[in-house]
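Protein chains: 2
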Amino acid sequence: MNGLSPDLQTPCLVVDEARMAANITRMNTRIAELGVGLRPHLKTAKSIDIARRMLPDPGGPATVSTLREAEVFAAAGVRDILYAVGIAPAKLHRVQSLRAAGCDLAVVLDSVEQARAVAAASASAPIPALIEIDCDGKRAGLAPDAPQLPEIGRILHESRAELRGVMTHAGGSYDVSGTDAHAAFAERERLAVVTAAERLRRAGLPCPVVSVGSTPTALAARDLTGVTEVRAGVYVFFDLVMAGIGVCAVEDIALSVATTVIGHHHDQGWIMVDAGWMALSRERGTASHAVDQGHGLVCDSTGRVIPHLIVTAANQEHGILALRAGATGPLSDMLVGTVLRILPNHACATAAQFDACHVVPAEAGAAPVIWPRFGGW
Amino acid sequence: MNGLSPDLQTPCLVVDEARMAANITRMNTRIAELGVGLRPHLKTAKSIDIARRMLPDPGGPATVSTLREAEVFAAAGVRDILYAVGIAPAKLHRVQSLRAAGCDLAVVLDSVEQARAVAAASASAPIPALIEIDCDGKRAGLAPDAPQLPEIGRILHESRAELRGVMTHAGGSYDVSGTDAHAAFAERERLAVVTAAERLRRAGLPCPVVSVGSTPTALAARDLTGVTEVRAGVYVFFDLVMAGIGVCAVEDIALSVATTVIGHHHDQGWIMVDAGWMALSRERGTASHAVDQGHGLVCDSTGRVIPHLIVTAANQEHGILALRAGATGPLSDMLVGTVLRILPNHACATAAQFDACHVVPAEAGAAPVIWPRFGGW
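Keeping their order, the protein sequence lines are chains H and A. The letter at position 110 of the first sequence is residue 110 when you use the UniProt record's numbering, and the numbering goes up by one with no holes. The letter at position 275 of the second sequence is residue 275 when you use the UniProt record's numbering, and the numbering goes up by one with no holes.
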C-alpha cells in the first residue's frame, strides 16, 4: 500500500499530507516562538485546500505573488492579502476591484512613479502600499538609506493612498547553507526593514507593518525585534534545494511527481520514465550544491528514497534515470510499468506544472483525495 | 500601434500571426519538396486554433506528446494521431477509448514488455504501434541492429495488435549548428529507420510507416528515400535555441512574453519586469551557445529586438533585464509601466506556462484575438 490510487495516470503531482502537516507545524511553532505574526506565502501551494491548512485563520493573513492568486484566494474567503511583487500601474484597477469586494489587499512598490500611480488610483478609495527594501542586492527594493525613501512615503501618506509599512525578502539566503548563515541573512532582513521603518517614522510618517521573510530566514531567525510579520511559503512542501542548504531533511519533502517506467537503455544504465521537464520543470537549483540532485531524486512508489538514483536528463516528456557518477546498485527490478516518485529541486516550479495534487492521506487507510491547483496571472 | 490590446494584463503569451503563418508555410513547402508526408507535432502549440493552421487537413495527421493532447485534439476532430512517447501499459485503456471513439491513435514502444502489453490490450480491438529506433544515443529507442527488433515486431504482428512501422527523433540535432550539421543528423535519422524497416521486412513483417523528425532535421534534410513521414513542431513559433543553431532568424520567432517594467536598480543597470521564470520557464537552452541569450532576448512592445538587452536573472515573478556584458546603450526611456516583449529560449517550455495566446493579427487593423491553450497529461 503506497497511498496512491491504483488508477493514477502519470505523471502527476503527489502531496504527502502527513509530511506537509509536520512542515506547517514546524513553521507555526517557530514563528510563535519568535513572537511575530506569520503571513504564509501561497505562491507555492496555489491551492485553496492547502491554503486553509497554512493560514493562521481562514481570513488570512496571506501573501501572494500574482493578482490571480489574490483573486482566487479572496473568492475563497481570504480577507487580508499582500501582493508581494512590485505593482504595475495597469494592474491597479484589479486591486481596487478586490478591495471593493471586501479584501484588504496591499501592494508593494519601490519608486516614486509607482507611489504616484498608487496615489492617483486611490482617489476613489485608498490603496495600502508597503515600500520594498533591498537587503541583499538580489532583486527589487530600495536600499534602507535610499534618499527617495521619505519622498515615496510622503507621496503615499499625503494622498488618499495608505503608507502601510516596509517589507524585504532575502533571496540570497537560498545561496548559503546552514543555520548560522541563514540566521545572518535573517538579521540582514531585520536590520534593513527596521532601519527603513525608523527613517520613515523620523520623517513623521507611519510604518505599522515591518515585514520580512523567506523559508530559510524564517526558520533560522534568532531575534526579530522591530519586525511585525514573517512571510514564507516553500516550507509547506520543502524541496531538494531546501534540503541541500540544510533547512530540512530529504525525508521532510512533502511533494513529488509520480512517474512510470516506460523503457530502458540497458547498455547506458538508463531507465526511461514518463516525467520529463514538462512535469519536473527545468529547475536545476541543486546544480551548484555539494550534492547535485540532477533533475530530481528518485523514490519508490511509497516515497522511500532510492539511494543514488537521480534524474540525469530530461526531455519534454521523457526523464532519464541513472545512478550518480561512481555509484553502483541493482536497478534490474524496475520493469516497464513500475511507478516511482521524484522529489523536486524546487517545489514552486514543479508544482506549477500541474493543475491538481494527488494527496496521500495522513490517516492510514483513508481514501486518496485530489486538491485542485491553479496558475496564471 | 503594437497589435497588443491596450488592456492586456502582463505577463501574457503573445503570438505574431504573420510570423507563425510564414513559419508554417516554410515547413510545408520544404516537406512537399522532399516528397514525404508531414505529421505536425502539436506539443508546442497545445492549441486547437494553431493546430488547424499547422495540420495538412482538419483530420490530421498529427503527433502528440501526451494522451491529454490526443484527447483534446481528437475531440476537436483530429482523426489520425501518433502518441510519440513510449507507452505505459496503464495508459492503454485511454488509447482504446480514443480509438473506439473513431480516432486512429497509434502508440510507440521499444521493448518486448510493452509489445506484450499492447498485444494483450488489443484483444478487444487492435492497437497500432510503431517501434521507436534510437539514431543518436540521446533518448529512447532500440538501436537499428538491436537483436530484439524482429521479436517485438512479431509479438505485435502475430497478436491482434498492429505493427504499423518504425519512428525515430534526432534530439541530438539541437546540439549542433548549421544546415550541414543538421542535414547529417537528418541522414542519421533516415538511415536508422530505413535500416530497421528493412530488417522487419526481411523477417516477413510489415512496416508501412517510416517516420522521422525534428525541426532542424526536417528543414535541412536533403534526401528522405525510404521515409514516409516527417514529424516536427517547434517550427510553428521557432525560438532562440533554433535561432542560435542557425535554423531560423531571430526575426522569425513568432512567440514572446509580454511584460511590464515594474522598477529599476539604477546603480546595477537593472530593469525589473513582471515576467520571471514562472512566465518564461527555467529553460536556459542558449547557455551553451556562442550567444547566450540569458532567460530571453528583449524586444519593444511591437516586437523589435532591443540590441544587447537580455533577461539576466529570473525569480519566480521578477525578471531582471540588463545589457549583455560589455554592451552599452541608453535604457533610460524604460519607465515603470513600459510594456516589452521577451523572446523565449525554448518555445515549448515557455508556452506551457500559459493557458492562452494573445494573437497579434496578421491583418493590419484587425482586432486582437485570444486562442486558448491547454496543458496536463
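Rather than coming from a laboratory, the hints here were simulated on the basis of the structure. One should not assume that every hint holds.
Pair ranges (Cβ atoms, derived) [what the hints assert, rightly or not]:
1) A:Gln268 - H:Pro307: 39 to 45 Å
2) H:Gly77 - A:Ala120: 47 to 53 Å
3) H:Asp57 - A:Ser97: 28 to 34 Å
4) H:Leu335 - A:Gly226: 30 to 36 Å
5) A:Ser288 - H:Asp180: 52 to 58 Å
6) A:Ser5 - H:Pro372: 24 to 30 Å
7) A:Gln268 - H:Ala290: 38 to 44 Å
8) H:Asp180 - A:Gln148: 42 to 48 Å
9) H:Arg52 - A:Gln268: 36 to 42 Å
10) A:Gly77 - H:Pro56: 47 to 53 Å
We treat Cβ as the ideally placed atom computed from N, Cα and C, and that holds for glycine.
Taking the hints in turn, this is what the structure says about them:
1. A:Gln268 - H:Pro307: 39 to 45 Å: holds, 42 Å
2. H:Gly77 - A:Ala120: 47 to 53 Å: Holds: the Cβ-Cβ distance is about 50 Å, inside 47 to 53 Å.
3. H:Asp57 - A:Ser97: 28 to 34 Å: Violated, since aspartate 57 of chain H and serine 97 of chain A (Cβ atoms, about 45 Å apart) do not stay within the stated range.
4. H:Leu335 - A:Gly226: 30 to 36 Å: holds, 34 Å
5. A:Ser288 - H:Asp180: 52 to 58 Å: violated, 36 Å
6. A:Ser5 - H:Pro372: 24 to 30 Å: holds, 29 Å
7. A:Gln268 - H:Ala290: 38 to 44 Å: violated, 29 Å
8. H:Asp180 - A:Gln148: 42 to 48 Å: violated, 56 Å
9. H:Arg52 - A:Gln268: 36 to 42 Å: Between arginine 52 of chain H and glutamine 268 of chain A, where Cβ atoms are some 40 Å apart, the hint holds.
10. A:Gly77 - H:Pro56: 47 to 53 Å: holds, 51 Å
The structure fails to meet hints 3, 5, 7 and 8 from the earlier list, while all remaining hints are met.
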